[in-house]
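Residues per chain are reported as follows:
There are 2 protein chains.
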Amino acid sequence: MARIVQCVPNFSEGRNKEVIEKIVDEVRKVEGTKLLDYAPDKDHNRCVVTFIGSPESVVEAAFNLCKRASELIDLSKHEGEHPRMGATDVIPLIPISEVTMDECIEKSKELGKRIGEELNISVFLYEKSASASHRTNLAKIRKGQFEGMNEKMKEDEWKPDFGPDTLNMTAGATAVGSRMPLVAYNVNLDTDNLEIADKIAKSIRGISGGLRYCKALGMEIKERGIVQISMNMVDYTKTPLFRVFDMIEREANRYGVNVIGSEIVGLIPTAALINCADYYLKLEDFSENQLLEKRIYE
Amino acid sequence: MARIVQCVPNFSEGRNKEVIEKIVDEVRKVEGTKLLDYAPDKDHNRCVVTFIGSPESVVEAAFNLCKRASELIDLSKHEGEHPRMGATDVIPLIPISEVTMDECIEKSKELGKRIGEELNISVFLYEKSASASHRTNLAKIRKGQFEGMNEKMKEDEWKPDFGPDTLNMTAGATAVGSRMPLVAYNVNLDTDNLEIADKIAKSIRGISGGLRYCKALGMEIKERGIVQISMNMVDYTKTPLFRVFDMIEREANRYGVNVIGSEIVGLIPTAALINCADYYLKLEDFSENQLLEKRIYE
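Protein chains in written order, with my numbering: chain A, 1 to 298; chain B, 1 to 298.
It should be emphasised that the hints constitute simulated quantities derived from the structure, not laboratory data.
Repeated chains share a single entry, so a pair holds when one copy, or any two copies, can fit it.
Calculated pairs, DSS-like style, for lysine-lysine (alpha carbon to alpha carbon, straight line, at most 25 Å):
| no. | residue 1 | residue 2 |
| --- | --- | --- |
| 1 | K199 | K282 |
| 2 | K215 | K199 |
| 3 | K202 | K282 |
| 4 | K282 | K222 |
| 5 | K294 | K34 |
| 6 | K34 | K109 |
Based on the provided sequences and hints, a complete structural model is requested.
See below:
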């Protein structure tokens, strides 16, 4: 467990395999990074790349990917269902292990500056890196898309953070920013009553008054004859898994229903589970430095 | 989290700093290993070294350490309070991450064979590597110590597994074997009544009928005015931490006492805590491959 940042750039090509491979290769080439996944989508004409590495190597790989995409993609000719504003549309940096959010924000600014200055691409900092609160949300930044971006950037409040004030007419604009890792987490109930799952989801999710960094929906799992609270935990350091688990259990009991299990979908930072063990075992003064595996990468 | 084995060799020099450094240097020199700690003890005239690394590099470093110790330590002149039979007295190999016990046993035999053949030192396989049940326990193998070992090895049941049947009169004999990592784990109660801690310790420990791989004692923590169940968990995969925690909580409640916290003393394998999160969250089909940090070292 060295210092690890995750990066999930989205670029605007989901059909031409040759172009996709050339762009993804830029990540493979950088030492210290590990390509985990890339998922081209033909309808969206877009590709989502997932890789991890040291903060320095991640910035290097993300820059190279962005450069290559700007050489190979002409956004003025791009068609696809997904909203987009750039050849590389968005580059999130995510702290995973032994890296603080502040360090990630710093790295995102360094990356944005390089993209702006060296590639002549307008860059918007977003999420935790945003330079103003109205620029936090990616959808708001991207509104108007590539076609409307040149006009939009003339407004003071949409002046880019780095790069030119007039749009690069082939590479467009790119959003760069830091955000927390997202944990997809589901809790299963021993009932097929969707209404109960909906009520519980409503009571625990941040938007309707529940736990701030939890998004939740009730879902039917027809093949098992049960329902589920399906969640996205958008900041496990502030809304931990054990807290939603316990709250769902309590709410379920109110309806005479039991929690029969839960699921982590996809990847999860180790710390998000260690803090559950810490909570339930009531650990005193536990430090992640006590994890044996950490010691080898010091 | 690559493939990691921990190794905790004990060699019979705890006073001469120059000799100690030369022996420990053999671990430092091997690429792929990380020296975590070494603790010379003057009264015992003995030094305990802790290091981790890939299975291959750990065997290499342990062999080199053993070789160097056999060159620098003359056991016929050794005095110390701790029982000992060799210049390198014992070499435990401990599976930590992505290494099975069987693989560790294999490596311990490979290491023992090299020590026997190349260094002309009698080797006893012990613990999980033992070639017979009466040779599992280190204290039993070492009984009679260096001074009595030559006679002892004439008996059929104490013939060494590798190396000469007559004792190396300067380097002695070495025990090599695989064992599980030991987790030192304490649970604190909101009472100063030692009798209650003793009763709970007795009910949960393997030797008196409790959980098989748990050793436990009641202890007073005078400065906090509380008592504690102080434990050694000798196989967390078979007797997990959450099971002793829950059992202690239940037993404590029987006396009207509460668990106020618990402590991990020193290092712990990540898996020993992940399996607690898995239990309390009732995770379905969780795999350690879902831990993001694991992916970078694949």
